Amino acid sequence: MWSSYSVDDVIRKIRENEQKNDTKIPTLGMTSAISITPPEPFDLVKTAELEEALKPFDAVEEAFVPLIKMNFDGIEVDMLFARLLLEQVPD
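Taking numbering that gives the first Met the number 0, the leading residue of the sequence shown gets 0, the next gets one more, and so forth.
Rather than coming from a laboratory, the hints here were simulated on the basis of the structure.
Values in this document were obtained by computation on a predicted structure and should not be read as measured data.
Mixed in with the good hints there might be a few duds.
Unchecked claim - Calculated pairs, BS3-like style, for lysine-lysine (alpha carbon to alpha carbon, straight line, at most 27 Å):
no. : residue 1 : residue 2
1   : K54       : K68
2   : K54       : K12
3   : K12       : K45
4   : K68       : K45
With the sequences and hints as input, model every part of the structure.
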């Protein structure tokens with residue numbers, strides 16, 4: 000189940016809790032039986048960096064094939080996707 004908290008909300012909550020010496024930290028992202036610890040501040044910073052890095056990616060919903068337009072190091076890239084009926088792609 001995805002958390003309804005944004006990264007900014009979680010970081011703000013962590014800082015408030017640190018000031019109050021309260022140990023409750025809301026979870027971020029998926030939680031499961033194997034996820035028994037709350038995220039560390041480092042995890043939240045990296046998540047925010049990844050969200051920022053993904054902003055230039057745009058799905059082109061009206062395209063006839065799946066298409067993502069992006070800008071990579073100043074180079075515009077159109078990434079097309081296709082399904083191949085092969086178990087392996089030959090070299």
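Each hint tested on the structure:
| no. | hint | in the structure |
| --- | --- | --- |
| 1 | K54 to K68 | 11 Å, holds |
| 2 | K54 to K12 | 24 Å, holds |
| 3 | K12 to K45 | 17 Å, holds |
| 4 | K68 to K45 | 23 Å, holds |
Consistency with the previously given hints is maintained throughout, with no hint failing.
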